[in-house]
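Asks: Spelled out from the first residue to the last, the chains are:
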Amino acid sequence: MTYRIGVDVGGTFTDLVALEEKSGRVHLVKRPTTPHDQSEGVAEGLASLLALQGIPETAVVYLGHGTTVCINSVLERKGARTGLITTWGMRDLLELRRQIRQDLYDLQADKPEPLVPRHLRFEVPERTLFDGTVLQPLSLEDTRDAVERLVRDGISALAVFFLHSYVNPSHERAVRDLMARHYPNVYLSISSEVLPEFREFERLSTTVLNAYVGPVMERYLTRLEERVQGLNLHVRPYILQSNGGVATVSQAKERPVFTMASGPTAGVAGAVFVAQEAGYDRIITFDMGGTSTDVCLVEKGTPMVAAQKEYHGYPVKGAMLDVHSVGAGGGSRAWVDTGGFLRVGPESAGAVPGPACYGRGGSAPTVTDANVILGRLNPAYFLGGAIRLDPALAREAVEKALCRRPGLSLADAAVGVLTVVNAHMASAIRLISVERGHDPRQFTLVAYGGAGPMHAVAVARQLQIPRVLVPPSPGVLCALGVVVADVKAEFSRTWIRKTDSVGPMDAAEIFEDLETQAKEWAARGGLPVDELRLSRSADMRYVRQNHELTVSLGSRVAPGDLNRKFHRLHQRVFGHSSPAEATELVTLRLAARIPIPRPKLEIPREATARLADALKATRQVYFQETGDFVDCPVYDRSKLPTDMPIGGPAIVEQLDCTTVIEPGQRAMADRLGNLVITLGEPAGAT
Amino acid sequence: MDLFTVEVLQKLLLGAAEEMGITLIRTAYSPNIKERRDASAAVFDPDGQVIAQAAHIPMHLSSMMELPRVLLDAYPRASWRPGDMFIANDPYVGAGSHLNDIAILAPVFVDGRLIGFVANTAHHADVGGRVPGSESGDSTSIFQDGVRLPVARIVSRGHVDDGLLRTILLNSRTPEERIGDLNAQLAANRAGAQRLQAICRQYGPDLLRQSMREILDYTERRTRQGIGKMPDGIFEGEGFCDDDGLSARPVRLRVAVHVRGDEIVLDFSGSDPQVPGAKNVPTVSLLATVYYVLKAVIDPDIPPNAGYYRAITVRAPSGSVLNPVPPAAVAARFTTCQKVADVILSAFARSVPERVVAHCHGGTLAIYSGVNPRNGEFFVDYEVYAGGSGARATKDGMDGIANHTTNTSNLPIEALESEFPLLVDRYELVPDSGGPGKFRGGLSIVREVRGLGRDLTVGGWGCDHRIPARGLFGGGEGVPGGFHLVGADGEVRQTVRSTVPAVSLRAGDWLRICTSGGGGFGDPLERDPALVSRDLLAGKISPPAAESIYGVVLRAGEIDIDATERLRARRRELCSASKREP
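In order, the protein sequence lines correspond to chains A and H.
Residue 686 is where the first sequence ends in this note's numbering, and the numbering goes up by one at each step.
Residue 1268 is where the second sequence ends in this note's numbering, and the numbering goes up by one at each step.
Everything labelled a hint here was simulated from the structure, so no lab data went into it.
Hints are not guaranteed to be accurate.
[Claimed, not checked] When the alpha-carbon atoms are kept at most 30 Å apart in a straight line, the in silico DSSO-like pairs for lysine-lysine are as follows:
| no. | chain 1 | residue 1 | chain 2 | residue 2 |
| --- | --- | --- | --- | --- |
| 1 | A | K30 | A | K600 |
| 2 | H | K1081 | A | K78 |
| 3 | A | K400 | H | K1081 |
| 4 | H | K697 | A | K309 |
| 5 | H | K1081 | A | K309 |
| 6 | A | K565 | A | K309 |
Work the whole structure out from these sequences, hints included.
Replies: Structure representation (structure tokens):
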């Protein structure tokens, strides 16, 4: 027997799954995350997973890993002391950004502090023009002086950024060679290697961030590899990137900036896999945690991709899953504003003091408190009973803070909290679906995270999403995501040309070059180059537009074909197109992928034969549809019989989450243990 | 009625406005709208009150509030039909804030019943008139500003009026761009109308109607609560614009802010009469500026709808620079508005100093035009440069940032150079340009540009070039900016400030544009020496400034604390007599 292991490190828990390749059976281990060094928790988890399941070291053939090391080092500002070498006259680009302020009306706001302080930013004489012509050659002497001063000042990472290096990278390469000769120990991030695309601030920001997290990620991954070897495992870990694919350790060390969203990506990758196994390939993922909620739209098994994201105020450009985040979750605080409206978030009670019902000194009501008041959450079985919730404290908090309107009952107030937070969720999903030309009625909502399954059906109802799928467990889902992800990378080059002027062979040279890069990249990572699958695309726009859409290409670039595809896409995304207008190519892209064989999936459960055997209790739960508390059956998730309908209202409990099924809805546990809820017309609705 | 439903509807209606805004910005052609986000979208109730607005820049707050009334004045209610849209830009009927801002309004019906309106407005880079860009400060009549559109039916039952459209296009120097932008505006309204109809069908017209009323009442309550918490009194502010657009005569702006209970009245009496140039501020723009400042000072979170406007009264004498009568030109009203914002904030500094900022750089605009030698085509490149923002009660102002009523992003140098025959040699912060203070004003920026190939023409304007951004409570002034033409030999040939009529940029010459620094806050001698040393390390102030302005004495690069204390004490004695009021 052979096993694939996936490890996902979250804020609280490190989740590990072992998937037995032949049977598809999955085993889970949960360990507390070790924030000072995530690899410690990973190694402990691995050791106990092997011991518990009796897996011999030699039977492990794959190890995938999702990590938050990168994003944490930015959040905590604990990245490397980083220097910058840049074009003469451009020292402050990093600080000037796009010159806009983040908040229009908050006069006390500030820009994010630049990750390279001004005294570590050096300009050197050099200049390349937009067409690659060198106007002024690079002064190597000045560059050497600048680097020497930076090294004396204690930098451990250096970002190199020159204008128009995406057309002609020779000056940046000269600096690279100089560093390799004289300072091989300084982590180097070169803009034309990290992201050879135009628009200087975004390229610079991505390059600097890559340098800033580089040494941290390098040290972490080295430690991780040592610990894995220490366990006698003969696999090299693969690291999950923001693009939904994995990369080898050496590749992740080169471009760590592209692992920034490793965390939320794991859940999406897992959700896609589980939903596809269950027969659904158009899904919207709904990951509702304590302080925030992540949503992502997946069309035909492929998650939507964003070209740019901001992490704690620092933009990163590059293809990554378009996971949209809203600052509201189970721990979000509810409050009444000065106009008398109930608001939820963006402040959160966090883990300490936590919601009022935790009894840890929190006095502000939260979404979790509302769920407790309405009987939806079981106070004695929160996190399997690890935290006992006190409903009296929840009631007190809601009464004090929210029941100031005359005639407003406690239940009304609690329902109000859920209504408002669900509206936040619905508008987040609307943004990624309706506003981008997708009809939510054609999708399945895949709910996970600690609070996702509790709110999913209400959110789905608002958007007329017909079906909710709750995967077996949030922890399993994220760790699974890491096991099933393909190896992925993207290579790009800005190449601005009028589409009609492009001959069939013009772009060929660029694509050949990108292909060489992809092959070298695979070879450096020790990956099988002959298994690479390459696909081409191009960012296009109407001439004079300043906003591009990505069009996929065949092996030949034919202007007529390109234009047709672009007009069609423009029509779909924006609702209109102008087929008479000229278009231009902006950036050529090559996506490289090495597919990981799709594993079978078998999640062991102790399913019972009759629904009655899964019944834990009956308790009073409030539903808006009934307008009152009603007797509601509570089921044990692990015991639910397969393929047997459960009529709402019902509550389904498990260790790490609770699923709410509203009156009139029907649910069924499938072979894999997914709970699939079909939304009918809610009872009593008119 | 259930109040939570109202809250949900408020969110949905705002979502509709935002969706329109996103559609408009993403589909528009011109960088003005795409990159500068100089556009806005709104949803109105059937009475024509603004319910929800997605204003991407504050200059557009309220810019459409009068549109339904303007429509009703021109077309009787019975003549509106489903699928109709109306276009307007004339500031003197209340349709916009200058002719570049073209608004399109659509009444929205469900089953024959009017359920509200949707509208959007966008800055068009050229609407005809005397000069390319239609925004010259030295125009003397609105007829020189460009084509005037009273309200006119541009779409009738879904069919675009071709004659009207072609008339507008014929009056612009860049018709291809205009048609792209106008199409985006029509598409945005269609998206907005559909959303509003869907919301109406889901919740029913009566519930929607009632919720709209509740939303306005709610906003009014919040606004009044916020005002009620501020000290009562009459607070005055005064400031000067660099010039009137034609001559270097400064323009006086004055405000008396009356806060009484839960109401605010802003009285601009005492401001100068309307000016001969184009720096007059039409009512819509004055209101936008007031609404921006009050939102920032009272509660940045207040939704900008008609309920918010109810608690605020604005008075400006007719015939003044802040309430001109036709045919005064208004194209360059923006620079005046920026100073109006500073002046109102100065007034509030006397009552809520912790919520304000010292005077900010209002912005600098450069318009490059000429023939592009790469393709022989005429081009116009329109760029806005940021400067320093004013310092605050507890922190420095921001360096190199867009301030107040605008929030214009820069055009990436790599995009600019790929498209136009221009070369940017320098784009950096200017050390020592921030107004000194306990907290320092933000630094200005310098941009050096060369034309490649042929001679080019440069025009534009800059704020605070003659009259620097003032500090508060003893804080100093920011360093004023200017346009400097530099010869190939490095010598400055010509310096132009404030209003820059078309000057010629010869091939090989340079243009050095400096924006202005923000004002400081508090006495510079009270600045924490650690902050002075941080600025020194970063090169944001020079060593001489550390000593002469901040009284910080350095020995071998380190602060000499004792010597600093002695120097500061001596300085304080010397100037204790001349302590300034804000």
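Asks: So, for every hint listed, does it hold in this structure?
Replies: Hint-by-hint comparison with the structure:
no.	hint	verdict
1	A:K30 / A:K600	22 Å, holds
2	H:K1081 / A:K78	24 Å, holds
3	A:K400 / H:K1081	36 Å, violated
4	H:K697 / A:K309	24 Å, holds
5	H:K1081 / A:K309	29 Å, holds
6	A:K565 / A:K309	26 Å, holds
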